[in-house]
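Enquirer: Sequence:
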Amino acid sequence: IVIDPGHGGVDSGAVGIFGNLEKDIVLKIAKEMGKKLKEKGFMVYYTRVGDSYVDLYDRAKFANSVNADLFLSVHLNSCDDKSVEGMEIYYFDFSEDGYIRRLVWRENLDPVKDKDKIAIRVMKKRNHTAESLEMAEDLAKFLKDRGFKVRGVKKGEFAVLAYTNMPSLLLECDFLSNPSVEMRLVRGSYSEKIAEVVAEWIGKYFSKLW
Numbered sequence: 171i172v173i174d175p176g177h178g179g180v181d182s183g184a185v186g187i188f189g190n191l192e193k194d195i196v197l198k199i200a201k202e203m204g205k206k207l208k209e210k211g212f213m214v215y216y217t218r219v220g221d222s223y224v225d226l227y228d229r230a231k232f233a234n235s236v237n238a239d240l241f242l243s244v245h246l247n248s249c250d251d252k253s254v255e256g257m258e259i260y261y262f263d264f265s266e267d268g269y270i271r272r273l274v275w276r277e278n279l280d281p282v283k284d285k286d287k288i289a290i291r292v293m294k295k296r297n298h299t300a301e302s303l304e305m306a307e308d309l310a311k312f313l314k315d316r317g318f319k320v321r322g323v324k325k326g327e328f329a330v331l332a333y334t335n336m337p338s339l340l341l342e343c344d345f346l347s348n349p350s351v352e353m354r355l356v357r358g359s360y361s362e363k364i365a366e367v368v369a370e371w372i373g374k375y376f377s378k379l380w
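Numbering of the sequence shown is given in the numbering used here, commencing with residue 171 and proceeding in unit increments.
Since the hints were made in silico from the structure, they are not lab data. Treat the hints loosely; a few may be bogus.
In silico lysine to aspartate or glutamate, EDC-like type, Cα no more than 16 Å apart, as pairs [said to hold, decoys possible]: (1) K311 - D251; (2) K324 - E307; (3) K206 - E307.
Estimated spans, in silico, between C-beta atoms of each pair [stated by the list, open to error]: (4) K378 - I187: 21 to 29 Å; (5) L379 - V320: 20 to 28 Å; (6) A300 - S182: 17 to 25 Å; (7) W380 - R354: 33 to 41 Å; (8) M353 - Y375: 26 to 34 Å; (9) D315 - V180: 19 to 27 Å; (10) V254 - G211: 35 to 43 Å; (11) S235 - E255: 30 to 38 Å.
On a predicted model such as this, the values are computed, not experimentally measured, just so you know. For each residue, glycine too, the CB sits at the ideal point set by N, CA and C.
The task is simple: from the sequences and hints, build the whole structure.
Expert: This is the structure in structure tokens:
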């Protein structure tokens, strides 16, 4: 399993109203998730283990180099409405939705703008796209059953998902722009709970396949 903590280094990602940074929180979530997965017997790799900037395409290239069974990119969302909260799960495909286009732009420091290039990637990933969608829907149900608010499964042409050669998901764990969510992430056990439940899902999902 390759876990990809979003952003890092000069790229802080979203910033909460109290100054907490997406790059720091998602690294904590990713490491806790990896710890839980290792306890279950999984081989876990991270695209970064410290506060370093890693190119989006290098993240995908790394996942391909270790022949991962799953690539999971971990992020926190942000929007102007400070009351919005909940998880969103993304798989790779082209989307014209304005909200998703803005999110893709924020998450992709070097967004792939050429629609022909995207179309080619969509065709190349078609088999993994179907599997990624199936996994995303299964994860969404698993999270809902355990009390998490899930805003839905969505598609977007995120660079880290476009260039991986295996099923790939991008998880927006919640909205850092919501002050109450920000406090739950940094002061409470919320971030640990996210890591624990997602690791539990990965364990159960792959146990059905193996």
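Enquirer: Each of the hints needs a verdict: does it hold here or not?
Expert: Going down the list of hints, with the structure as the test:
| no. | hint | in the structure |
| --- | --- | --- |
| 1 | K311 - D251 | 26 Å, violated |
| 2 | K324 - E307 | 10 Å, holds |
| 3 | K206 - E307 | 22 Å, violated |
| 4 | K378 - I187: 21 to 29 Å | 41 Å, violated |
| 5 | L379 - V320: 20 to 28 Å | 23 Å, holds |
| 6 | A300 - S182: 17 to 25 Å | 34 Å, violated |
| 7 | W380 - R354: 33 to 41 Å | 34 Å, holds |
| 8 | M353 - Y375: 26 to 34 Å | 31 Å, holds |
| 9 | D315 - V180: 19 to 27 Å | 39 Å, violated |
| 10 | V254 - G211: 35 to 43 Å | 37 Å, holds |
| 11 | S235 - E255: 30 to 38 Å | 36 Å, holds |
Hints 1, 3, 4, 6 and 9 from the list above are not met by this structure, while the remaining hints are.
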